[in-house]
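Number of protein chains: 2
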Amino acid sequence: MSKPTPLSGFPELLPSERVVERTVADSLRRTFSLHGFAEIETRAVEPLDQLLRKGETSKEVYVLRRLQETSEEGHAGMGLHFDLTVPFARYVLENAGKLEFPFRRYQVQKAWRGERPQEGRFREFTQADIDVVMKDELPFHFDVEVARVMAEAISALPLPPMTLRINNRKLIEGFYRGIGAPDPAKVITVIDKLDKLSTDEVAALLVTDAGLDDAQAASCLELATITAADGSFVEQVRALGVEHELLETGLAELAAVVDGVSDLDGDRFSVRAQLSLARGLDYYTGTVFEISMDGFESLKSVGGGGRYDALASDGKTTYPGVGISFGISRTLIPLIARGHLRGSRPVPSAVLVAVWDEDSRTVSNQVAQRLRARGIPTEVAPSAQKLGKQIRYAERRGIPFVWFPPTAADETVHQVKDIRDGNQVEADPDAWQPPTQDLHPTIVSTTLEELS
Amino acid sequence: MSKPTPLSGFPELLPSERVVERTVADSLRRTFSLHGFAEIETRAVEPLDQLLRKGETSKEVYVLRRLQETSEEGHAGMGLHFDLTVPFARYVLENAGKLEFPFRRYQVQKAWRGERPQEGRFREFTQADIDVVMKDELPFHFDVEVARVMAEAISALPLPPMTLRINNRKLIEGFYRGIGAPDPAKVITVIDKLDKLSTDEVAALLVTDAGLDDAQAASCLELATITAADGSFVEQVRALGVEHELLETGLAELAAVVDGVSDLDGDRFSVRAQLSLARGLDYYTGTVFEISMDGFESLKSVGGGGRYDALASDGKTTYPGVGISFGISRTLIPLIARGHLRGSRPVPSAVLVAVWDEDSRTVSNQVAQRLRARGIPTEVAPSAQKLGKQIRYAERRGIPFVWFPPTAADETVHQVKDIRDGNQVEADPDAWQPPTQDLHPTIVSTTLEELS
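Note that the protein sequences, when read in sequence, are chains W and P.
First residue of the first sequence: 1, per the numbering used here; consecutive thereafter.
First residue of the second sequence: 1, per the numbering used here; consecutive thereafter.
Honestly, the hints are just simulated from the structure, not real lab data.
Incorrect hints may appear among the rest.
[Stated by the list, open to error] Here are the computed lysine-lysine pairs in the DSS-like style, where the Cα-Cα straight-line distance is at most 25 Å:
{"no.": "1", "chain 1": "W", "residue 1": "Lys-135", "chain 2": "W", "residue 2": "Lys-98"}
{"no.": "2", "chain 1": "P", "residue 1": "Lys-135", "chain 2": "P", "residue 2": "Lys-98"}
{"no.": "3", "chain 1": "W", "residue 1": "Lys-135", "chain 2": "P", "residue 2": "Lys-3"}
{"no.": "4", "chain 1": "P", "residue 1": "Lys-389", "chain 2": "W", "residue 2": "Lys-135"}
{"no.": "5", "chain 1": "P", "residue 1": "Lys-386", "chain 2": "W", "residue 2": "Lys-135"}
{"no.": "6", "chain 1": "W", "residue 1": "Lys-389", "chain 2": "P", "residue 2": "Lys-98"}
{"no.": "7", "chain 1": "W", "residue 1": "Lys-186", "chain 2": "W", "residue 2": "Lys-196"}
{"no.": "8", "chain 1": "P", "residue 1": "Lys-98", "chain 2": "W", "residue 2": "Lys-3"}
{"no.": "9", "chain 1": "P", "residue 1": "Lys-135", "chain 2": "W", "residue 2": "Lys-389"}
{"no.": "10", "chain 1": "P", "residue 1": "Lys-98", "chain 2": "P", "residue 2": "Lys-316"}
{"no.": "11", "chain 1": "W", "residue 1": "Lys-316", "chain 2": "W", "residue 2": "Lys-98"}
{"no.": "12", "chain 1": "P", "residue 1": "Lys-3", "chain 2": "W", "residue 2": "Lys-98"}
{"no.": "13", "chain 1": "P", "residue 1": "Lys-110", "chain 2": "W", "residue 2": "Lys-110"}
{"no.": "14", "chain 1": "W", "residue 1": "Lys-98", "chain 2": "P", "residue 2": "Lys-389"}
{"no.": "15", "chain 1": "W", "residue 1": "Lys-3", "chain 2": "P", "residue 2": "Lys-316"}
{"no.": "16", "chain 1": "W", "residue 1": "Lys-3", "chain 2": "P", "residue 2": "Lys-135"}
{"no.": "17", "chain 1": "P", "residue 1": "Lys-3", "chain 2": "W", "residue 2": "Lys-316"}
{"no.": "18", "chain 1": "W", "residue 1": "Lys-386", "chain 2": "P", "residue 2": "Lys-135"}
[As the list claims (entries may be wrong)] Looking from chain P toward chain W, a few residues come up when the C-beta cut is under 8 Å (computed):
{"no.": "19", "residue": "Phe-10"}
{"no.": "20", "residue": "Pro-15"}
{"no.": "21", "residue": "Ala-38"}
{"no.": "22", "residue": "Val-45"}
{"no.": "23", "residue": "Leu-93"}
{"no.": "24", "residue": "Asn-95"}
{"no.": "25", "residue": "Asp-314"}
{"no.": "26", "residue": "Arg-396"}
The beta carbon of each residue, even a glycine, is placed where N, CA and C say it ideally should be.
Build the full structure now, drawing on both the sequences and the hints.
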C-alpha cells in the first residue's frame, strides 16, 4: 500500500488536535446536562423518503447499498442523515409512547452531505444539537431556555467570541401584515436577499415581486436595519408606527429571549436582536437563531435554529419543538487548520516512568500503576535507553514529568523531574500530585487573543 | 408521516438506556487515558480497495454514492468502514511523519456491516479499540501492556464477569513444526474447527487434510485441550515432549502475557491461557486475544485482537502493532434488551425546581442557576401546575429532589424534598448538596447478580 492521501471534505485530526475537539464536545455536554438535557444518539441512516422531504438538500444525500446486493430492494432507499433534526423528529415519533414530554435532548454526532467542500463546509462533520419537544403545545418559555442553554454552552468554550443573533417570524410577518402587504411570505423571501443585493435592488423587488408601494417597501427596509443588544429594539419598531396583533406577540417574544441571555453579553459572547435575520423563515414559526464566530464571518453561521410548531406529526398528534444546533467541525476545523488552536500535548500521559533496564521494567510498571490509581495518566518508557533519550522521548510528546524509580544501588528513593525547568525532587508514588493544569491535555489558543 | 418502525440491525437506545452506553464508554476512555493511550477518530468512509483487501468481508461492505451523482467516478469506490483496524492502519500510513512512535491510540466509534442481524450482531455498532503501533519493530512487552489495559478496562465495567482468553501463534506453530507437521498452517485451520466438529472428526481431518499420522494428530489434539489460569500450562505443554525454538518463544510470550494480568483474576474478570484458541491465526503473528462475557456464551466473543507484525506498510517502512477491540454494542445491547441493565433515570437532572406561578418562573430559574453553578444538574418545572402534579413530573423521570423556592408570603425560606422518602428540609441553594450517588444517572443492574 502506498502512502494514502487525505480525502477532501472528510477532515481527520492528529492526536493533539483531537484533544481540542474532545475538550469542546465534553464542555458542551456538561452544560447541556446541567440543564437537564438527556443525551441520545440516532443511527446514521434514515429512509430516503424522510431525507428528501426538504427538496433542496436532495442532491447532497449519500445513498447506501450493500456491495453484493442483488436486487434494488435491500438498502436501496437508505441514506446517511445530513443533519440531526430529521433523525430526531423520526426518533420522537417512533418512541413517543416511551418518552416523557417535554423532552429535552442533546445529540453530538456526525452527519454527512455530498456538497462541494470548502472552509468550514465538510462532507462529514460533527454537530451538537439541543431541542425541547412537546406534545400538542410547547410553552414559549422553552424558547428562552434553549437560547440560554446554548449561550452558556458556547460562551464557556475557549474559542473566539460568539454572537447569537435572534429574530422572530411573528414579529416580521405581523409587521408586514400591519402595513398591508398582500403577500407577507413573499416579502420575507425578498428581504432575505439583503445580504446579496443592494438596498435599492431589494426595494425594487419589494415593489415588483411582493406588490408593495414605495412607502411600504421603505418601511420594510427600515425594519430590517434594526438591531440591538437589548430590548431597545422594541421602541425602534414602535417608532415605525405599524400596529398588528402578531407584531405585538413577536416583539414580546423576541424581547423575552434577548432578555433571557443578556446577562451573558460581554467579552466572550454577544447577543443581538437582528430584525433582518431570515434564516429559513418558511420553516420556523416564531423565534429564529443564528450563531456566528467573531473574526470568522467568512464561515457564515456556525450554528442556528428556532421554533417549529410541527417538528413532527403522526397525523393524530403534533410535536412542536424549539432548538439550536452548533457546528463543532464548522467551528473547530478552520481554527485548527489556521493554527489558532491545538492540544497542549498529543498524549494523555502526565508522567513518563523511566526504565533502568529491561529486567526492572516490572518495577517501573508498578510505579505507573500507583500513579494511575490516583488518576494520574502515566506511561512507561518503551525501552531502557540512556536517560537522556528517555527524557527526549517525553519532551517530544510534551509529557511534563519523568519519574525515576529507585535504582538497584539505592532501593528506596523515588525522584520526579519536571523536564520543562529541570527541577528534580524526591517523591512518593502514593502521594505526589502534578499541578492540576498538567494533569490532562488542555486547549492552547496561540493567537486567539489578537482575534478577540 | 405515520409512526416509523425500527430498522433491523440499527439499534437505537432510549434516554435511560443511553446512560448505560455513555457510562461504559466514558469508563473505557478513562482507563485507556490513564495508560497514556491517545484518542483519535477516523472518518466513516474508506476507499473500497482498502475495505476489500480481506476478501471474506466484501459482501458486508456498505457502498456510498451521492443521490444526484451522474458518473460512476465521484464516490463510487467509497464505503463505510466495517471495523476500526483498517481505518487505523490507513491513518498511521497517512500521518506517519506527524506521529510519535510507539503510538498508543484508542478509538471509540461506530462501524457498519451489511450482515444478517442477530442478537449481538448489528449492521451499525460501536467498538472500542486500543492498539500500539511502532515503526519496524515493536518490543514484546507491548503485548503484555495491551492485555493489561483492556483487562483493567473491562473489569472496571458494571457488567457480567468477563474472561480474557489468550493464545500464541508462535507456540502452536512451533509445536506443529516440532512434531514434524508438513503444513503447520493447515493444522491450524483444522484445529480451528474444534468448536464445530467432534474430536474424532478433527482427528480424521488432521490425517487426511493436514498430512499427519495418528500419533501426530493425537498430540495436536492434546495440545488443544490445555487451558490454565496461570503459567502452569507451560509444564503441561512440556509434558507432551515436543521441542522447537519457536515453541519456546511462544511459551515464554504467552506465560508473560498471562502473568501480566493474573493479579486481576477474580470475581469480575478471569484470564485463561487457552491453547485451542485460533482466532484468525493466519492474520496474527504472535499473541492472540479473545474476550467473552460469562453467562452470555451465545454471543460468542465480545472482543478480541492480537499481534500483527505488519499492521501497515508503505513498501519502505513496516508498522507492526498489537491491539484488542471490545464490542460495546455487542455487549450492551443484548444486556439492555434482556432487561439486565438500565440507567437510574432518563434525565441528567438531580433536582426539579418547582414553579409557584408563571410570574415567578424567573425566581425558579435563578435557583436552578445557583444549583447548576455548583455542578448540580437541574431543571425547572415546565408549568405552574398544582404541586402534586409537579412532584409527579419529577417522579416519572426519576428526578430524586424537588426544590421549593420561597413563596411570596415567606420570602426567605427555600425547601428541598427527597420525593423517594418524602423528607423535606430547609436548604440554601448556594450550599445544599445531593448525595454523590444521586448527582448523575448511574447504571442499575437488575438481575446481574444471579448471572455472575
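Taking the hints in turn, this is what the structure says about them:
1. Lys-135/W to Lys-98/W: Since the Cα atoms of Lys-135/W and Lys-98/W sit roughly 13 Å apart, the hinted pair holds (cutoff 25 Å).
2. Lys-135/P to Lys-98/P: OK: Lys-135/P and Lys-98/P at ~13 Å, within 25 Å.
3. Lys-135/W to Lys-3/P: holds, 15 Å
4. Lys-389/P to Lys-135/W: holds, 17 Å
5. Lys-386/P to Lys-135/W: Status holds; Cα separation ~20 Å.
6. Lys-389/W to Lys-98/P: holds, 19 Å
7. Lys-186/W to Lys-196/W: Status holds; Cα separation ~17 Å.
8. Lys-98/P to Lys-3/W: Between Lys-98/P and Lys-3/W the Cα gap is close to 13 Å, so the pair holds against 25 Å.
9. Lys-135/P to Lys-389/W: Since the Cα atoms of Lys-135/P and Lys-389/W sit roughly 17 Å apart, the hinted pair holds (cutoff 25 Å).
10. Lys-98/P to Lys-316/P: This hinted pair holds, its Cα atoms lying about 17 Å apart.
11. Lys-316/W to Lys-98/W: holds, 17 Å
12. Lys-3/P to Lys-98/W: Cα-Cα ~13 Å, so holds.
13. Lys-110/P to Lys-110/W: holds, 11 Å
14. Lys-98/W to Lys-389/P: Roughly 19 Å separates the two Cα atoms, so the pair holds.
15. Lys-3/W to Lys-316/P: The hint holds at about 10 Å.
16. Lys-3/W to Lys-135/P: holds, 15 Å
17. Lys-3/P to Lys-316/W: Within the cut-off at roughly 10 Å; holds.
18. Lys-386/W to Lys-135/P: holds, 20 Å
19. Phe-10: holds, 4 Å
20. Pro-15: Cβ of Pro-15/P sits 4 Å from chain W, so the hint holds.
21. Ala-38: holds, 4 Å
22. Val-45: Val-45/P check passes; min Cβ-Cβ to chain W is 6 Å, inside 8 Å.
23. Leu-93: holds, 6 Å
24. Asn-95: Since the shortest Cβ distance to chain W is 6 Å, the answer is holds.
25. Asp-314: holds, 5 Å
26. Arg-396: With a closest approach of 5 Å, the Arg-396/P hint holds.
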